[in-house]
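Respectively, the protein sequence lines represent chains A and B.
So in our numbering, spot 115 of the first sequence is number 115, and the numbers just go up one at a time.
So in our numbering, spot 94 of the second sequence is number 481, and the numbers just go up one at a time.
It is worth saying that the hints were derived from the structure and are not from the lab.
Don't take every hint at face value.
[What the hints assert, rightly or not] Partner residues are not named here, just some residues of chain A that face chain B (Cβ under 10 Å, in silico): (1) GLU4; (2) VAL7; (3) ASP117; (4) GLY123; (5) ALA165; (6) PHE168; (7) SER258; (8) ARG296; (9) GLY299; (10) SER302.
[To be verified] Listed next, the in silico SDA-like pairs over lysine to any residue satisfying Cα-Cα at most 25 Å (straight line): (11) A:LYS58 <-> A:LYS78; (12) A:LYS371 <-> B:LYS395; (13) B:LYS526 <-> A:ASN88; (14) A:LYS187 <-> A:ASP125; (15) B:LYS468 <-> A:ASP125; (16) B:LYS395 <-> A:ARG356; (17) B:LYS500 <-> A:ALA120; (18) B:LYS422 <-> A:ASP125; (19) B:LYS522 <-> A:MET1; (20) B:LYS426 <-> A:LYS187; (21) B:LYS422 <-> A:MET1.
Virtual Cβ for every residue (Gly too), placed ideally from N, Cα, C.
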Amino acid sequence: MFVEFIVPTKIITGVDAIFRLPYELELRDVKKPILLTDQGILSAGIYDLVKQAFDEYKFDLQVVYSDIPLETSVDSVKEAYRLFISENCDAIIALGGGSVIDTGKALRMMVSEGTDDLIALSGADNITKKGVTFVAIPTTAGTGSEVTGVAVIFDKLSNSKIAFASDFLIPDVAVLDPELTVSMPKKLTAASGMDALSHAIEAYIGIQSNEISKALAFRSTKLIFDNLINAIMDGKDRNARFNMLMASPMAGMAFSNSMVGIVHSLAHAAGAVLHIPHGVAISLFLLAGLKENLDRSKGDFSELLNAVRCDFLGSEDERAEEFLNAVSDLLKEVRCLSGLPSGLLEVGYKPEFEGRIIELALTDGSSIFSKVELTEEVARRMIKASL
Amino acid sequence: MCKLIKSKVLVLKILLDVFEKALVFLFLDDAEFKKMLLKADVDCFTIRVLKTDFLVNVTIKRDGLFVDKSKSKCELEIIFKDLCTAFKTFSGLISLEEAFAQKGVILKGSIAKALTVTRAIKRLQTLVFPDIWIKRVLKNFKGTSMPEKLVFYKFYYYYLKNLGR
Ligand SMILES: [Fe+2]
């Protein structure tokens, strides 16, 4: 066993946490940050909520790049980079979901390495400098991106997603304010919640799972089971929103260090082929992927059942099965309440896509960390079970 | 395991030599290995240990695979962060996948391509190390087939014949 664990992010979470942001920037001697966001955040009024926190301060929050697409691309990172340089910015604030925060990570890499050739920086631990102050303000609860050292950027030229992994991608500060998530639609709440759950469970059962990641993943699993349904049913339930905002970075810290597994391999591949959001793809493959892990992860599933149903007695085998039943029940309820699709056929899957999805899944980095060897046969079975 | 790293350095040199020769031999002799490596679609990749002279530079062409000690830059660089992780990997105590999982490797280049190369190297480990040794390391290892065992003997015959070259 060998464990390397890093959690360098200062996490500020709670009602009105956003008002702490000016102090955090001052502390880091930030004069002129660039704020990255998307059109959805602007139109939902979330940007205005953040701006309010700066009203009485002398910070220049004028440099805003808000054209980040749902699936961020090399082109949009380069545009943000040009703006950062031309405006002489000295810090990055990413306000939004996973796509916006990943843009922030990529921008930070380019700034610290002093290059606009983003592709040349792809790989693992391929960055040599930490770079400028980077603050992440997630507006969804699920990606965990605010505390992780991974980013995925779409490259139009090669028509593929380029992955980056480095400790230097991890944001310095994460501000998690439930107020910024109350306007999140049911479907997005559901999809991002299932993403967080998959991070917690895959980090718990992977080959690099360890006592630190398990502690985080266990509590995260409990928080998600206890709060996701309430957050979907009543978006204004700030307690549920707060707990989901806690669960997300906890699962994020667990998986940033112990990584994910075959659920993510298939979800990344299907996401690229079917152009569906990451959380939706995860919700489609979660159960099939966990079932593939059942033989090798009975002990872990049995332990995780304690986070969900502590009154269930039985053998390890029975408890592991019961945990998968609990995940299945949660998925059913979430789908019923939020309108998340219940199968690949509902999101445009056709049999001719199978080959490409399998090909992409087999070259996805997540499978490295799975106890189950991701073969063509396993991938095919997972697709069939997720139709 | 790595406490006596100095004495391991010599062993690592031998292991790297076996690894280099296995790459060349299997590319010619094992169709499956060749197919897997070509699938990565890289012209050249390097495997080295950070801040040391341990380096294997692999140039892949359709008709053959060439190994040298040059420091020319490749599109894919797999760099072990420490000698110990390299030693464990080349001696088959852990797989290259595990070295990645333990964050013991720096990767410069495409993660997808590196994963394809990693799968090919896993095949190399399967063929070059005895079953009893490698079964602890590889997930879902079901043992080698008769033709694969033959490759194992052919390789070591080839290796011993070319010793010192
Ligand atoms: Fe995810």
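Measuring from the C-beta of SER302 (chain A) to each C-beta in chain B, is the shortest one below 10 Å?
-> Check failed: Cβ of SER302 (chain A) comes no nearer than 21 Å to chain B, outside 10 Å.
Would you check the hint for LYS395 (chain B) and ARG356 (chain A), treating anything up to 25 Å between C-alpha atoms as holding?
-> 44 Å, violated
Does LYS187 (chain A) pair with ASP125 (chain A) here, judged by a C-alpha cut-off of 25 Å?
-> At roughly 35 Å apart (the allowed maximum being 25 Å), ASP125 (chain A) and LYS187 (chain A) break the hint.
Regarding the hint that SER258 (chain A) lies at the interface with chain B, is the smallest CB-CB distance below 10 Å?
-> Holds. Min distance 9 Å.
Do the alpha carbons of LYS422 (chain B) and MET1 (chain A) lie within 25 Å of each other, as the hint requires?
-> Distance ~33 Å between LYS422 (chain B) and MET1 (chain A) Cα, so the pair is violated.
Pair hint LYS58 (chain A) and LYS78 (chain A), alpha-carbon separation not exceeding 25 Å = 28 Å, violated
Given the hinted pair LYS500 (chain B) and ALA120 (chain A), is their alpha-carbon gap at most 25 Å?
-> 14 Å, holds
Hinted pair LYS522 (chain B) and MET1 (chain A), Cα distance within 25 Å | Answer holds: LYS522 (chain B) to MET1 (chain A) is near 17 Å, not above 25 Å.
When the nearest CB of chain B is found for GLY299 (chain A), is that gap smaller than 10 Å?
-> Given a least distance of 17 Å, the restraint on GLY299 (chain A) is violated.
LYS426 (chain B) paired with LYS187 (chain A) [C-alpha distance capped at 25 Å] | It is violated: about 38 Å lies between the C-alpha atoms, which goes past 25 Å.
Minimum beta-carbon distance criterion (10 Å), GLY123 (chain A) to chain B = Nearest chain B Cβ about 4 Å off; hint holds.
Within a Cα-Cα threshold of 25 Å, do LYS526 (chain B) and ASN88 (chain A) meet the stated pairing?
-> 50 Å, violated
Violated hints, listed in ascending order, are 2, 3, 6, 9, 10, 11, 12, 13, 14, 16, 18, 20, 21; each of the other numbered hints is respected by the structure.
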